[in-house]
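Residue numbers (this note's numbering), protein chains in the order written: chain S, 46 to 301; chain U, 5 to 465.
Do not rely on the hints blindly, as some may be mistaken.
Simulated restraints, written as ranges between beta carbons of each label pair [what the hints assert, rightly or not]:
id, chain 1, residue 1, chain 2, residue 2, range
1, U, Asp346, S, Trp174, 56 to 66 Å
2, S, Arg227, U, Lys439, 22 to 32 Å
3, S, Lys168, U, Pro22, 47 to 57 Å
List of simulated lysine to any residue pairs, SDA-like, C-alpha gap at most 25 Å [unchecked claim]:
id, chain 1, residue 1, chain 2, residue 2
4, U, Lys456, S, Asp299
5, U, Lys439, S, Phe289
6, U, Lys439, S, Leu283
7, U, Lys448, S, Arg281
8, S, Lys139, U, Ile347
9, U, Lys394, S, Glu113
10, U, Lys391, S, Ser106
11, U, Lys448, S, Arg282
12, U, Lys370, S, Asp204
13, U, Lys395, S, Ser106
14, U, Lys456, S, Met54
15, U, Lys199, U, Arg103
16, S, Lys211, U, Arg43
17, U, Lys199, U, Gly130
18, S, Lys139, S, His194
19, S, Lys139, U, Val383
20, U, Lys370, U, Leu30
21, U, Lys387, S, Glu113
22, U, Lys456, S, Gly298
23, U, Lys439, S, Arg281
24, U, Lys370, U, Arg296
25, S, Lys139, U, Ala379
26, U, Lys456, S, Glu85
27, S, Lys211, S, Asp299
28, U, Lys448, U, Asn458
29, U, Lys439, S, Ala244
30, S, Lys139, U, His407
Derived coverage of chain U by chain S (criterion: at least 3 residues anywhere in the stretch with Cβ under 8 Å from a Cβ of chain S; other residues may be distant) [as the list claims (entries may be wrong)]:
id, stretch
31, 14-25
32, 350-361
Bear in mind the hints are in silico, worked out from the structure with no lab data behind them. We put the CB at the ideal spot given by N, CA and C, even for glycine.
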Amino acid sequence: MGPKGGVAMQVGLVIPCYLDVFYPEVGIATLELLERLGVEVDYPFDQTCCGQPMANSGCESDSRATEEHFIRLFSRFEYIVIPSGSCTHHVRNKFIAAPPSPEREHVSRHVFDLVEFLHDILKVTQFPWSEFPHKIALHNSCSAIRGLHMASMSERVHDSCFNKPKALLEGVKGIEFVDFARHDECCGFGGTFSATEEAVSARIGYDKLGYMEAAHADYIVSSDMSCLMHLQGCARRLGSGMQFRHVAQILNGDRQ
Amino acid sequence: MSTVDQAANAARFIEDRPHEQYFDTLMWSLREARDRSAREVPEWEELRDLASAIKEHTLSNLAEYLEQFEASAKRNGVTVHWAHDAHEHNHIVADILNRHGAKQLIKSKSMLTEECEMRPYLENRGVTVTETDLGERIQQLDDEPPAHIVGPAWQKSPHDVARVFAKAYGSDPNNDDPVYLAHEMREHTRALIVKADAGMTGANFAVAETGAIVTATNEGNADLSGNVPKLRICSVGIEKIIPTNRDLAVFIRLLPRSSIGIPITQYTSHFRAPREDGEMHVIFVDNGRSDRLGMEKFWPSLKCIRCGACMNTCPVYRRSGGLSYGSTYMGPIGIIMMPTFDIRRFSELPFSSTLSGSCSNVCPVKIDIHEQIYAWRGVMDEKHQIKLAKKSAMIAAGEVLSHPELYRIATFATETALKLLPRFAIYNDLNAWGKHRETPAPAKQTFHEWFKENRQKGQKE
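Just chain U, with the same shape it has in the complex (with noise of 0.2 Å):
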């Protein structure tokens, strides 16, 4: 696949201003309340640190939590499945639904699956997946990847939404009242998770001790996937293991309140055992995870609970979409894990930043964000991923700044400076700078030939 370019896509976005600024709107309340929530808990910022060593003790000792939970969940009566990969995770997932000739799939919102692009595999080979999240569904109806990882469908407002369901629900395309809508939804999937012959989850945490299943949602939807049929399926990613329901009550402290701003979400569901006459799945997952808790620099975004805070504070994720990093994982998170999963590809997101630093200093498991986005960079320098443009551009500036003779040349006369300096001054063309911006007039005189004029005199050597 071409690399992604999320910064035409970011400017496709902007264009539609109405949209742009609802999003960047509705983003911005989230970090608001997400800071109104923290201030509630005078120890939000030990609870950060004892998350992130948790996450760091867990991660270090992975293979032996893994192993704890498998031996757990066994003993609950559940059948635990590893996948190498996405095409394994799917492969699973199919053989079980084929054993129990299961044509009905419902689920609870997982990116994981996302990951895996797990509902096209399914679908042709004959299984109807039906996403029980309101947010995940609607994106299901309108033919699109989530938007963010906690709410999928935030890119839309109530009217697109209303649309949506007009023309996939046959219900009023002009009545975009919240109620309403999520009145639709209900009626149309009730119907199917009654009818499923089999229920999938994801996972928020995997609790080694117990070896429950644990999902932290609003709508009770991961319930009723998870609960109504008699054949459940939980996919987790081997990164979300825990060892203890004591360091689950850390996390469930930080989740929601970094996430949307509230104390606790309406559901904390722990899926332990299978029900009466039924079965229950885990499917762990590596994917490239191992390969990433091996990466010096980079195995810190493994620490991730996927709560969405670095995206909502993020100054270039609110005004871009989340659908302009053409990844599973968007936003800052997104940057620096999808180049594991595809250099090439995902090369150009690493620039997709202004390393503001705002998302490490509300990441709940501490992960300092904006300095891996930064290490990224010299990544793709490193591997030959920089554009020949900007990389000749960078050559051609740092041969001009380590000389001081040539640095004088180029800044001596202001007519060459406005030429040569945006290379270095503002780093790349003018006409790029300049499309929605006046270009800053060089002076008469620079700061240096003042200096020589008025106190060159005073200089000592």
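So that you can see chain S by itself, here it is in the shape it has in the complex (with noise of 0.2 Å):
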């Protein structure tokens, strides 16, 4: 259940700017699952953001401060851990707005969403403590699926199918996971794109809602939150009483 023979390995921890500001339980929750698990977590104190806001819009050079703050910080950490695929897919394969250096190359490739640590490293199957008696609709985020390879993706329809956050949640009690239409299309978030395009990316969030809705699904769960932080405004917007959940809550033993 814990890391392997028991051997206490050091994680720098990532808490993504909108889970310190909008879903702190969120950061809670992944602090204390790794804990449990018997991994040293440090939090640097210091930490901001990765800079994917501004790269993403197409402001590099806006970024580049950012990012070699964030390499200061983290270049020293065997593993680093973020609970959002989307900050963890810039860090590990868009993080060139600082010049290229040893340290650089050591966070991107030393950095993992919370999701690839507990399957690929620690390699987790059981979360005894870990009880969700509800129906769940797992949405994972393009980032996940396309840029970090989390789950095979509908597209390349040869490949065999996996899915790790699937994988994870299966090893919590009483989960029941809901089949809705067009399982990994996108939220319709996008990140600047939700207010630069807000029409279209509320449009996608809408649909989605729909299809999850439809599969009698109560909670929408992710391992990232700025997916259901857009769709969960869709919901409240349309009157739903849809439920979200990061994945790292349900692990660490949230009922509902």
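Two chains, two frames, a set of hints: combine them into the complex.
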């Protein structure tokens, strides 16, 4: 259950800016879960953001100082863990605003989404303290699927099927997954896009929510809270009672 | 021309919910059809690799293959022309028509002639141009450009088409039976085809070894356009060249499956030589392609075989409609092509994407479309094409996020956070976010404050 052989490993924890302010409970669940698994967690206190907001808007030069700050704080860790596929994708695959250096390279190579860290590094399969007796629609973000390859994608019709977030959640008692239409279509968030093209963004979100409601899901669960922030905004506007949880909250034992 | 505001155009499209839903459903059904037909080909991914490699090879040796085509075509009795840009292309077409006194031109679908804005050019010179592709004809009658590169009128419901035909042909506006509508169109265009002085086609492929122009169609209209009149003109973008018929076989397997999920089109036609007593002209068009080939980041869009799969799968395109891009090529592939034609006019297009990456993974020639969309955003910043409001917000966000003390001040008081955070959490302004969604409520305590209160003691230095 814990890390292999019970050897403590030190992890640098990144809590993305939007989780810090809007969803601190997801940060807390992530920290507690890692501690439960015997991981020594270090939360560098001066952290801010990974730089994605600026880079995603094309303004790479404006993300340089932020990315340099990130590298300064995290290059000393063997494992850098972020409970967000989107931020992980940025740090691993698009972290080029700062000039190339061994430290930058190190950070990009040693960053993991929480799900990857649990599934691939710690290889956890059971979460005996957890139970979630609800019907859930599992939403994997595009960054998680097509950026980090945390799940097979519907476009690649001959690839063998795998789904790391689902594999972890299967270790939770009582959880029931519902199948819904267009299961790995984008939710419409898209970072900057959600504001610059709000009409299309919301329309995609409404549609997504509709498919999940039609499948009688009580909760939408994801390892990317930014997608959920968007879908939750759509649900509340439409008067839907749909609930939203981050994978970390369920794995850490939240029962509802 | 002013910058295309795709977001505003898309918002208008969405207001008409029945049409938006109709279009999204139709496009998604094509994506599903593509998946089903790809599943039937076990070597699908190998075919994609092969197709990409053939295109890359050909583009790397473009001049030689174009010359080989020219030599083959000349042997077949075909005249080959070279057009540097759209104007030169249109001029060559007008000149050929003029020499034959041709006033009635029929043509099959060609995105290149759209790109060159050839129809208005010829019409201003007294030539009547009749589109023979059903969808293209519908758009022509309704005075609209194509909304999709494969199905120009897919944005219109059968009911819309019935109204267009009623106005143009006097048919029954309430009969939206597709068979009836197709019949109406056929009745009216067949007469024009028989009378036409010249026929024109585009090209799906130009095969260097045979000198053949190859079209893949379902309606047979390219064959009618190309074969009925004695004078045949084929307009071809220089990137459409492929070396041999063996290579063609790879693309013929990929194109119809990627496009609409069928194993092969009704017609795969090789136009190789003029008909008896006739003439055949091939016009190769550059129009910015050579410049794009020289762009280190952006040359791969020249591999495109115009299947439209990236559009069908794009969550944004399906909800925006094809006309919202205000461009010849639309959807993901349009986003990465259009700025090479006019960077200012199409400077906003790279932002009309969620960067989902679905497009790159359905692309039969493996263009890294979403990576290129991302790269174009950077180019827009470098070329100072990002709107001032957005750019200032990004500079401010970059300042706050690189200074922990400023970040803490911004996020300490939740009320301040609500005002400042959107600039880097939701990246823009909450007014736009909140138009169709509830805004997220800031928590009573940030994670940072919680950590300080509960774990700071255990914090190691």
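Hints and how they fare:
{"no.": "1", "hint": "U/Asp346 / S/Trp174: 56 to 66 Å", "result": "holds (59 Å)"}
{"no.": "2", "hint": "S/Arg227 / U/Lys439: 22 to 32 Å", "result": "holds (24 Å)"}
{"no.": "3", "hint": "S/Lys168 / U/Pro22: 47 to 57 Å", "result": "holds (50 Å)"}
{"no.": "4", "hint": "U/Lys456 / S/Asp299", "result": "holds (23 Å)"}
{"no.": "5", "hint": "U/Lys439 / S/Phe289", "result": "holds (21 Å)"}
{"no.": "6", "hint": "U/Lys439 / S/Leu283", "result": "holds (12 Å)"}
{"no.": "7", "hint": "U/Lys448 / S/Arg281", "result": "holds (20 Å)"}
{"no.": "8", "hint": "S/Lys139 / U/Ile347", "result": "holds (24 Å)"}
{"no.": "9", "hint": "U/Lys394 / S/Glu113", "result": "holds (22 Å)"}
{"no.": "10", "hint": "U/Lys391 / S/Ser106", "result": "holds (16 Å)"}
{"no.": "11", "hint": "U/Lys448 / S/Arg282", "result": "holds (22 Å)"}
{"no.": "12", "hint": "U/Lys370 / S/Asp204", "result": "holds (16 Å)"}
{"no.": "13", "hint": "U/Lys395 / S/Ser106", "result": "holds (11 Å)"}
{"no.": "14", "hint": "U/Lys456 / S/Met54", "result": "holds (23 Å)"}
{"no.": "15", "hint": "U/Lys199 / U/Arg103", "result": "holds (18 Å)"}
{"no.": "16", "hint": "S/Lys211 / U/Arg43", "result": "holds (24 Å)"}
{"no.": "17", "hint": "U/Lys199 / U/Gly130", "result": "holds (16 Å)"}
{"no.": "18", "hint": "S/Lys139 / S/His194", "result": "holds (15 Å)"}
{"no.": "19", "hint": "S/Lys139 / U/Val383", "result": "holds (15 Å)"}
{"no.": "20", "hint": "U/Lys370 / U/Leu30", "result": "holds (24 Å)"}
{"no.": "21", "hint": "U/Lys387 / S/Glu113", "result": "holds (24 Å)"}
{"no.": "22", "hint": "U/Lys456 / S/Gly298", "result": "holds (23 Å)"}
{"no.": "23", "hint": "U/Lys439 / S/Arg281", "result": "holds (12 Å)"}
{"no.": "24", "hint": "U/Lys370 / U/Arg296", "result": "holds (17 Å)"}
{"no.": "25", "hint": "S/Lys139 / U/Ala379", "result": "holds (10 Å)"}
{"no.": "26", "hint": "U/Lys456 / S/Glu85", "result": "holds (17 Å)"}
{"no.": "27", "hint": "S/Lys211 / S/Asp299", "result": "holds (17 Å)"}
{"no.": "28", "hint": "U/Lys448 / U/Asn458", "result": "holds (15 Å)"}
{"no.": "29", "hint": "U/Lys439 / S/Ala244", "result": "holds (8 Å)"}
{"no.": "30", "hint": "S/Lys139 / U/His407", "result": "holds (21 Å)"}
{"no.": "31", "hint": "14-25", "result": "holds (count 4)"}
{"no.": "32", "hint": "350-361", "result": "holds (count 8)"}
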